[in-house]
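Given the sequences, and given the hints that come with them, work out the whole structure.
If you want the building blocks of each chain, they are given just below.
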Amino acid sequence: MTDQAQYVAAFSTAAENVGSRVVSFPDLEQALKYLAQHAGGTIMLPDFPSGQRHGLAERLEQAGLEVVSSDLREAGQSALAGLTGVNFALADTGTLVLESTDEDIRLATTLPERHFALLDPQKILADSLVAVAPMRAMHQRDSRNYIAYITGPSRTADIERVLTIGVHGPKELHILLVPGFSDDLLEM
Amino acid sequence: MSKQRSKQYRARIDHALATPKLQQALHQFGDAYLLAREKAFSGYDFEAMRQEIAAMKDRVRENLDLYLDEFITNAEAAGATVYRAATAEDANRYIADLAKQKGAKLAVKSKSMASEETHLNVALEKAGTRPLETDLGEWIIQLAGQRPSHMVMPAIHMFKEEVAELFSKETGQQEPADIEHLVKVAREQLRQGYFDADIGITGANIAVAETGGIALVTNEGNARLASTLPQTHVALIGIEKIVPTLEDAAKVVRILPKNATGQLLTSYVTWIRGAVPGSGGEKDLHIVLLDNGRSALAASPSCQDALRCVRCGACANVCPVYQTVGGHVFGHIYIGAIGIILTAFFHGLDNAAEIVRACIGCRSCVTVCPSNIDLEEIILGLRETIGEEEGLGAGKTLVFRKVMRNRKLFHSLLRADSLLQKPVTRGERSIRHLPLFFSGLTEWRTLPAVAEKPVRDIFDKIPQRLETPRYKVGFFGGCANDFLYPELGEDLVTVMNHLNVQVSYAKEQNCCGVPALYSGDKETAIELAKQNIDAMLADDPDFVLTTCPTCTMALQRDFVEHLKDNPAWAAKAERLAEITVDAAGFIANQLGAADVFKGLAEQRKVTYHDSCHLKRGAGVWEEPRRLIATSGHELVEMAHADRCCGFGGSYSLTSHPDIAKRILGDKLQDVVASGADCVAMDCPGCMMQIRGGLEKQEMNVEARHTIELLADALKRKS
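Chains as they are written, first to last, in this note's numbering: chain A, 1 to 188; chain B, 1 to 718.
If you're looking for bench data, these hints aren't it; they were derived computationally from the structure. Hints may contain errors.
Stated by the list, open to error - Below, computed lysine to any residue pairings styled on SDA-like, alpha-carbon distance capped at 20 Å: (1) B/K715 - B/P486; (2) B/K160 - A/R161; (3) A/K171 - B/H181; (4) B/K564 - B/P301; (5) B/K21 - A/R161; (6) B/K184 - A/V132; (7) B/K251 - A/V132; (8) B/K472 - B/N500; (9) B/K39 - A/V18; (10) A/K171 - B/N500; (11) B/K184 - B/G172.
Keep in mind that this is a model prediction, so the values were computed, not measured.
As structure tokens, this is what we get:
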């Protein structure tokens with residue numbers, strides 16, 4: 001197995017261990033079909049470069065989904081799902097790293113019950129120490145930022161230490177592995 | 001000492017001890033935690049990781065102003081407003097003023113121990129802003145009007161029925177006590193708050209000097225909402241949370257969740273640098289850097305390591321005292337071992353004075369601390385400070401200063417005890433009942449009688465006929481071996497002579513000083529250290545052997561520490577430390593002689609109890625097991641073999657016998673469950689506790705010192 005294939009395998013295991021659903025697709029078209037089946041309702045789609053490049057909004061609508069891309073505060077009160085890309089991911093912990101300085105990214109990943117994330121498997125790094133380099137590059141590129149490490153759905157064990165999923169954030173995290181989606185660690 | 005304060009403290013203990021459900025929950029949590037933690041660290045070198053964290057945190061402490069300046073410069077460059085609060089009042093005033101200025105009706109909060117520390121909610125309410133806790137545990141205790149009983153799981157002391165009752169009052173309908181349902185209620189009830197709030201208040205786990213950014217390590221997602229939806233974000237951060245670089249931050253993030261909850265990583269790590277854009281315009285970000293005693297802590301040579309703390313709460317998770325009484329007894333705002341230290345500096349000695357004595361000194365926290373803090377040593381130092389501030393109490397002062405420092409007087413009083421106790425022992429070796437107000441002491445365990453003749457009186461009569469001994473060793477008996485279990489001294493000679501080692505007993509040796517030290521009387525401890533160094537080095541022995549690991553720690557660690565700045569004594573203390581070794585470790589390691597006992601014992605089913613100071617002080621745990629198994633016994637492991645037995649010297653006799661009794665109960669349960677007919681150990685203190693408990697409950701299990709078992713095996717052979 002190549003290093004990258006090992007990272008993908010380790011990432012998938014770690015992510016599934018914390019309750020994420022990881023699904024591999026041969027191409028974006030298949031991933032969109034999955035989205036159409038699983039979104040369950042209106043999907044919040046903030047602007048992000050790889051999404052624009054692939055014409056996500058139009059293609060989702062063509063697939064029959066109701067998509068909102070503006071006034072996400074308003075939409076977040078009722079939308080069931082959010083869709084984003086990913087800057088890069090960490091294999092050892094099954095973590096997604098999302099540059100979320102644009103408030104819409106945060107709204108789409110905190111308010112809905114389901115978060116779908118499109119990840120190019122090329123962007124899976126070994127661990128959080130390796131991730132320091134792209135983290136630093138993001139800090140150097142932008143003077144202000146809000147970067148989110150997301151590892152599984154929202155969880156709590158505050159009542160009798162019983163693990164319960166989905167307290168304030170998403171109850172479901174679907175990670176869609178799509179080769180060729182974006183290979184730039186600094187780009188979502 | 002404040003009588004009122006002690007009385008309230010006793011009442012809290014009684015209340016906790018009368019809540020068996022709490023104890024059960026905390027015990028189960030402790031067990032589950034250790035398993036999860038072990039799994040989380042598999043493939044990692046915890047020792048190396050924590051040393052790295054400790055070194056980094058020390059570097060920050062030594063250059064705190066430098067890193068604070070760097071952080072502030074970078075945070076301000078990114079549009080944050082930074083305020084340095086010298087005290088809790090300063091921090092509260094700044095935040096309350098800001099809330100007033102914004103006309104804020106509602107502030108949503110994510111979990112922040114710093115805001116608990118400053119009692120920020122009270123200040124906000126006074127300013128007319130309603131604080132709404134959004135972390136599930138914090139919300140529960142806010143509704144209940146309580147304070148957190150754990151730093152990571154604030155409502156760990158509450159049960160789902162109580163939560164359902166609180167939530168029902170809030171929603172005005174009957175909410176079933178179903179955890180999944182209750183979590184859903186919290187989600188629904190709190191969601192609108194984020195939209196309505198004018199201010200979001202968070203803490204931070206890390207402040208990165210290199211970037212001027214902060215990081216929040218969370219699971220629920222409420223910190224993300226609280227830092228996103230309201231227009232104003234206030235982050236209240238203790239100045240010790242500073243780290244130099246993103247690499248350092250990554251290392252804290254890597255170790256913290258693994259050690260806190262056994263998670264590889266929490267659901268969210270949120271990195272925020274500066275005033276980020278938002279739909280309402282640029283965010284108004286205020287960072288309040290809180291000192292409130294931290295600089296004083298940094299300046300205290302004996303306590304400063306506590307500033308390394310990353311607030312994982314592990315020291316409470318593994319603490320037998322915490323598991324027995326919970327955080328509302330064993331803590332103030334911050335709980336557990338670290339809580340004792342932080343309370344002394346953040347909330348004053350008065351608030352720490354009772355809990356500083358609640359630590360039993362078992363060092364289990366020290367093994368799991370991710371910042372390598374020797375919590376027990378710091379707590380001992382604090383006890384001494386409080387002893388100086390408040391006095392030790394007339395009885396202890398008399399015993400330690402006037403009696404123990406005068407060896408002859410101390411020992412003649414012990415001998416007199418041997419005579420005085422006759423009416424209660426009826427000639428037996430254990431005291432089963434004591435009259436009148438002493439009766440509490442023997443209610444749950446028998447106590448050993450003071451022997452008619454201590455080791456020091458019989459030693460010269462023990463025949464030792466070695467032509468060319470391999471080593472000459474001095475035996476440091478310690479009070480318990482000397483006066484309570486002299487036969488153990490004889491057994492040690494039997495075993496050593498068989499290994500061609502000659503043993504001497506210096507008559508001038510005195511108490512090791514630990515009882516005085518643990519009670520906060522360092523002066524007496526130092527005086528005793530000097531007496532013992534002179535006594536033990538007089539014959540220039542090859543080694544000094546101990547049968548009590550607490551004495552071992554005194555000779556190996558404390559004497560050196562007490563005298564390191566005294567040129568007349570430092571080198572001698574070092575020498576004694578170098579040659580001091582516990583008897584089992586000596587046989588297995590220095591002599592390499594485990595095989596000498598091969599198959600000599602009459603096979604019994606033996607389980608081994610690790611004494612706290614032997615395993616976590618001297619690092620010896622495998623050696624006695626090897627000796628016991630090699631000698632022919634069937635060694636069976638009990639659960640929690642290295643959990644404290646609850647002895648703790650004066651802890652079980654005078655300061656906290658009620659807690660000690662519960663901890664012993666746990667130990668006896670594990671001993672019996674192992675199915676062994678003998679429990680072995682290497683500490684006369686543990687023997688006093690465990691044997692006493694077994695005898696009192698008339699359990700058919702013997703408690704023996706490893707050296708006694710080896711002597712038995714030899715006697716059987718001859």
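Evaluation of the provided hints:
A C-alpha spacing of about 17 Å is found between B/K715 and B/P486, which places the hinted pair at or below 20 Å, so the restraint holds. Using a Cα cut-off of 20 Å, the hinted pair B/K160 and A/R161 holds, with the two alpha carbons roughly 10 Å apart. In summary, the hint linking A/K171 to B/H181 is supported, as the alpha carbons are separated by about 14 Å, within the 20 Å threshold. This hinted pair checks out: B/K564 and B/P301 have alpha carbons roughly 14 Å apart, not beyond 20 Å.
Of the supplied pair hints, the one linking B/K21 and A/R161 holds, its CA atoms being roughly 14 Å apart against a limit of 20 Å. Restraint check for B/K184 and A/V132: the C-alpha separation of about 36 Å exceeds 20 Å, so the hint is violated. Distance hint between B/K251 and A/V132 is fulfilled; the C-alpha atoms sit about 10 Å from each other, no more than 20 Å. The straight-line distance between the Cα atoms of B/K472 and B/N500 is roughly 9 Å, inside the 20 Å bound, and the hint therefore holds.
As the CA atoms of B/K39 and A/V18 are separated by approximately 14 Å, the hinted pair is consistent with the 20 Å bound. Restraint check for A/K171 and B/N500: not satisfied, since their Cα atoms lie roughly 70 Å apart, outside the 20 Å limit. Of the pairs offered as hints, the one joining B/K184 and B/G172 holds, with about 16 Å between alpha carbons and a cut-off of 20 Å not exceeded.
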